[in-house]
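Listed here are the chains, written in short residue letters.
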Amino acid sequence: MAGKSKPRLAVWKFASCDGCQLSLLDCEDELLAVAGAVEIANFPEASRKIEKGPYDISLVEGSITTPHDAERIHKIRRISQVLVTIGACATAGGIQALRNFKDVKDFISIVYANPSYIETLNKSTAIRDHVFVDYELRGCPINKAQLIELLSAFLNGRKPNIPNYSVCVECKLRGNTCGLVTFGPTCLGPVTQAGCNALCPTFHRGCFGCYGPKESANTSSLAETWRAQWVTSEQLVRTFRGFNAYAESFRKESEANEK
Amino acid sequence: MRSKTIKVDMLARVEGEGGLTVKVKDDRVTDVKFTVFEPPRFFEAFLRGRSYDEVVDIVARICGICPVAYQMSAAHAIEMAFGVHISEEVRLLRRLLYCGEWIESHALHVFFLHAPDFLGYQDAIAMAKDHAPVVQKALQLKKVGNDLMIVIGGREIHPISVRVGGFYKMPTKAELAPIAERLKWARDAALEAVTFAAGLPFPDFERDYEYVSLRHETDYPMNEGRLVSNTGLDIAVREYDQHFEEQHVAHSNALHSVHTGKGSYLVGPLARYNLNFDRLSPVAQQAARAAGLGTAVHNPFKSIIVRAVETVYACDEALRIIDQYEQPASALAEFRPTPGVGYACTEAPRGILFHRYRINPRGLVLDAKIVPPTSQNLKMMEADLREYVTPRINTPVDKLTWQCEQVIRNFDPCISCATHFLKLTIERT
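In order, the protein sequences belong to chains A and B.
Under the working numbering, the residues of the first sequence are numbered 1 to 259, in order.
Under the working numbering, the residues of the second sequence are numbered 1 to 429, in order.
Simulated from the structure, these hints should not be mistaken for laboratory data.
The C-beta atom is built at its ideal place from N, Cα and C for all residues, glycine as well.
Check before you lean on any hint, since a few could be wrong.
[As the list claims (entries may be wrong)] With a Cα cut of at most 20 Å, we get these calculated PhoX-like pairs of lysine-lysine:
#1 A:K49 x B:K129
#2 B:K25 x B:K399
#3 B:K25 x B:K4
#4 B:K7 x B:K369
#5 A:K49 x B:K7
#6 A:K6 x B:K129
#7 A:K105 x B:K369
#8 B:K23 x B:K4
[Stated by the list, open to error] Quick partial rundown of chain A residues pointing at chain B, CB under 7 Å, derived from the structure:
#9 L22
#10 P44
#11 F107
[Unchecked claim] Residues of chain A clear of chain B, computed beta-carbon distances all greater than 10 Å:
#12 S5
#13 A37
#14 P185
#15 E255
Bound-form chain A, shown alone (with noise of 0.2 Å):
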């Protein structure tokens, strides 16, 4: 590319933890490399010199939650060549959702001293619901390798490799004894993108889910499953409302077992 000048990156926040930019900056062997290879000119939790746009990539985080935030969004595709959304806020709604399934005016009252301050929308809601996205990176948080490759793609004009079975087979590749079988029945494993390497089967613990559903889950067949072992509705509606309760197959799930 000589001559030619760097791509131009730029990450925004909407309603999130920042835990999915941070992955950008804890990529530690990575992140001066990322630098030499494009343009970071839009990232304000890293820096102060903030460049105008066009941009070439977008990485967005986090959910739309405000009317402002509502037309925010479509400023940044409009100066995006690429938009990329990252993390479980960005692709699902994240945690922020479950307001979706109460009032969200009981949400309010509850933490603020005085509500009539308070200018939110009624529903935390994925980017994907306002415009147009290019790539979904999923995860709560992201994998950071998963970022690496992902960018590493963007630049090199291919289709990034990540992969979209289940958490189910990690952890058959790493050798885990099933978590269904062995630390209780509320793992949601089956029906979970993969990302995370089985992490919490790894560590005795059932999946809960943070990379969002995988293709076509059969979430009701593994609801079945649960029922089958006496858990209760109640907790079955708890589990699929996670970090990502918004997405739909989980959503659908929740809902059904719901009085």
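Fit chain B to the known structure of chain A by using the hints.
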């Protein structure tokens, strides 16, 4: 009449999204605002009705930079509600996990968020062009902290091994051995960081803060201790609500924590250091003295040196723990969920993080209260801006703007943490 406004719409190199405004008229500071437009996320609301064993993982998501702090405060508060006594091994391993977070978070702040200010760079990547070895070493130091968290917690952001009563799985002694070797390197790197930080140029600016931190019988505070201050506070954590309150302040859109009857107070590295210098390890004390620090530091800009000293301590303490650690037969204390209220305060890298939970007989959360360190420091951030700008009012605006940003970065604010109780404002331009 001369007036000017110092305005930063988007404060860079802090965690989360906020801005600041300082208004000056006739050589007088008329208004100071540290604005937060990070959207609210309602954690305390949706924790209601969740099971006690889900809380540790849910609250971690308040902050990607200090998830361990949230996990620690939550686990200890719920254990108090249930009357659970964790084993000594669990206690030590939690402290070790916290050391990892301190190393990671402090290294990030010292070198990537704070140091560029002192050296006149927009960011650490630009700084790396002139100071490559410093930045490369800083990255590796941060990595040791992250890797320590990975060994114990599976991953560095939102680790998954902590649970009420202990851990899901505890490492073997052999699993900790490789990281011990790297921690020895990290301790040396942190000692160099102290020297580096001490060599930065500091403005002449001292403040008369009320410092609030935990204080433990023997250890530099992390997970346990009483809440103390330099003006005579000495209470059990369960008494927090009787001594601290959140207030509406007319000039600000944010709720601010205040020490009831006293006003603003400071939490974080300076508070911990000033109230607990005698609890630092000899290596850390020696490093502080060599850097020219006394047993108390009152210049908030010098918090960068104190963070480096605490990083030395965290490496040293991690080595001490690994040396005496033995994997216990059980990673979990025996208990049954019982109805009750539990309180805990732990020392997040940015200062005390208070949690309170009321749990019903079925182990479900009835209500939760979370007071992060950044919200406790908000009032002081504005006070510092006012104090700093007043005698420097004739400094050119762009230079003063940069310095004002630096005044805020001294606190290492974590805005995502603060927003589950901050009022939302939309002043973004």
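Restraint check for A:K105 with B:K369, where alpha carbons must lie at most 20 Å apart = Given pair A:K105, B:K369 holds - Cα atoms ~18 Å apart, limit 20 Å.
Satisfaction of hint between B:K7 and A:K49, Cα-Cα up to 20 Å = holds, 16 Å
With a cut-off of 7 Å, does the beta carbon of A:L22 approach a beta carbon of chain B closely enough for the hint to hold?
-> holds, 5 Å
Grab the minimum beta-carbon distance between A:P185 and chain B and tell me whether it stays above 10 Å.
-> holds, 14 Å
Does A:P44 meet its interface restraint, that is, does its C-beta lie within less than 7 Å of any C-beta in chain B?
-> holds, 5 Å
Going straight from one Cα to the other, do B:K7 and B:K369 come out at no more than 20 Å?
-> violated, 33 Å
For A:S5, which was marked as not at the interface, is the minimum beta-carbon distance to chain B over 10 Å?
-> holds, 17 Å
Least C-beta distance between A:A37 and chain B, which was stated to exceed 10 Å | Its Cβ never comes within 10 Å of chain B, the nearest being 12 Å, so this holds.
Is A:K6 within 20 Å of B:K129, Cα to Cα?
-> holds, 17 Å
Given the hint that B:K25 pairs with B:K399, does the C-alpha gap stay at or below 20 Å?
-> holds, 18 Å
Would you check the hint for B:K25 and B:K4, treating anything up to 20 Å between C-alpha atoms as holding?
-> holds, 7 Å
Going straight from one Cα to the other, do B:K23 and B:K4 come out at no more than 20 Å?
-> holds, 6 Å
In terms of the numbered hints stated before, the structure departs from hint 4 and from no other.
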